[in-house]
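Visitor: The lines below spell out each chain.
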Amino acid sequence: GQQVMQIPQYQHVQEGEDFTTYCNSSTTLSNIQWYKQRPGGHPVFLIQLVKSGEVKKQKRLTFQFGEAKKNSSLHITATQTTDVGTYFCAVGNRDDKIIFGKGTRLHILP
Amino acid sequence: KAGVTQTPRYLIKTRGQQVTLSCSPISGHRSVSWYQQTPGQGLQFLFEYFSETQRNKGNFPGRFSGRQFSNSRSEMNVSTLELGDSALYLCASSWYSAGLRGEAFFGQGTRLTVV
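Heads up: the sequence lines are chains A and B, in that order.
So the first sequence is numbered by my numbering: it starts at 1 and just counts up by one.
So the second sequence is numbered by my numbering: it starts at 1 and just counts up by one.
Take the hints with a grain of salt, since some may be wrong.
Stated by the list, open to error - List time: in silico DSS-like cross-link candidates among lysine-lysine, alpha-carbon distance up to 25 Å:
id : chain 1 : residue 1 : chain 2 : residue 2
1  : A       : Lys57     : A       : Lys70
2  : A       : Lys51     : A       : Lys36
3  : A       : Lys70     : A       : Lys102
4  : B       : Lys57     : A       : Lys97
5  : A       : Lys102    : B       : Lys57
6  : A       : Lys56     : A       : Lys102
Said to hold, decoys possible - Example chain A residues on the side facing chain B (calculated, C-beta under 7 Å, incomplete):
id : residue
7  : Tyr10
8  : Tyr22
9  : Gly40
10 : Lys97
11 : His107
12 : Pro110
Hints were generated in silico from the structure; no laboratory data involved.
Keep in mind the model is a prediction, meaning the values are calculated, not measured.
Glycine is no exception: its CB is placed at the ideal position from the N, C-alpha and C atoms.
Next comes chain A alone, as it looks inside the complex (with noise of 0.2 Å):
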């Protein structure tokens, strides 16, 4: 079945560096997802996706999909308390499940 890989698990990071998660899958995708969780919380979709070589901008955030639509990444400029969290990438499969990547974890040292 579909597999997305994200990675790394976990990433601690001193406040004001920067951080990037990657995903990858084995198959072409459609699009993806990326969503945040906060501890405690549930996920809360930040941006969707679809264009081969997309890369797209939310303030700290840049979202980029790979030309050949396998994989994708989500930086974060000069990290902030307020990004802790764990964010996950989703894609849909053959069946039009939505997969979710196992997540990465982002802890911020003050």
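Please arrange chain B on chain A, whose structure you already have, making use of the hints.
Guide: Chain B in isolation, oriented as in the chain A frame:
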């Protein structure tokens, strides 16, 4: 516009019992998906309902079942509870039409503890 509502928020059950969780989607959303979230396994897809029909099913045993009503509200049931069923159960609703799907809106989840 009200968000996705899940009830109850917390549940404690004993092994062997059964439990029913409820989810009310965002008005207008006919697709409702259920996920099990545990620390080690992340978000595991349980099933999806659309227009009262199960569209997709994950790799969970038959003890996990669900249904959807005509008003799009959905319930999931877990019978013969096991300790390993302790998890956060999340419901997500989205619009879905002609193969296109919008983003998932999640409820706050139901935290189930099996003792």
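Visitor: State for each hint whether it applies.
Guide: Now for the hints, and whether the structure bears them out:
1. Restraint check: the Cα-Cα separation between lysine 57 of chain A and lysine 70 of chain A comes to about 20 Å, which is no more than 25 Å; the hinted pair holds.
2. A distance of roughly 21 Å separates the Cα atoms of lysine 51 of chain A and lysine 36 of chain A; the hinted pair therefore holds under the 25 Å criterion.
3. Only pairs whose Cα atoms come within 25 Å are accepted, and lysine 70 of chain A paired with lysine 102 of chain A is accepted, the gap being roughly 17 Å.
4. For the given pair, lysine 57 of chain B sits about 8 Å from lysine 97 of chain A by alpha-carbon distance, which is consistent with the 25 Å threshold.
5. At most 25 Å may separate the alpha-carbon atoms for a hinted pair to count; lysine 102 of chain A and lysine 57 of chain B meet this at roughly 19 Å.
6. Distance restraint check for lysine 56 of chain A and lysine 102 of chain A: the Cα-Cα separation of roughly 22 Å lies within the 25 Å cut-off, and the hinted pair is therefore satisfied.
7. A least Cβ separation of about 12 Å between tyrosine 10 of chain A and chain B goes past the 7 Å threshold, and the interface hint is therefore violated.
8. With its C-beta approaching chain B no nearer than about 15 Å, tyrosine 22 of chain A sits outside the 7 Å limit, and its interface hint is violated.
9. Interface restraint check for glycine 40 of chain A: the shortest CB-CB distance to chain B comes to about 10 Å, outside 7 Å, so the restraint is violated.
10. The criterion of a C-beta within 7 Å of any C-beta in chain B is met by lysine 97 of chain A, whose closest approach is roughly 5 Å, and the hint holds.
11. The criterion of a C-beta within 7 Å of any C-beta in chain B is not met by histidine 107 of chain A, whose closest approach is roughly 15 Å, and the hint is violated.
12. Using the Cβ-Cβ criterion of 7 Å, the hint placing proline 110 of chain A at the interface with chain B is not satisfied: the shortest such distance is roughly 24 Å.
The structure does not agree with the numbered hints 7, 8, 9, 11 and 12 stated previously, though it agrees with the rest.
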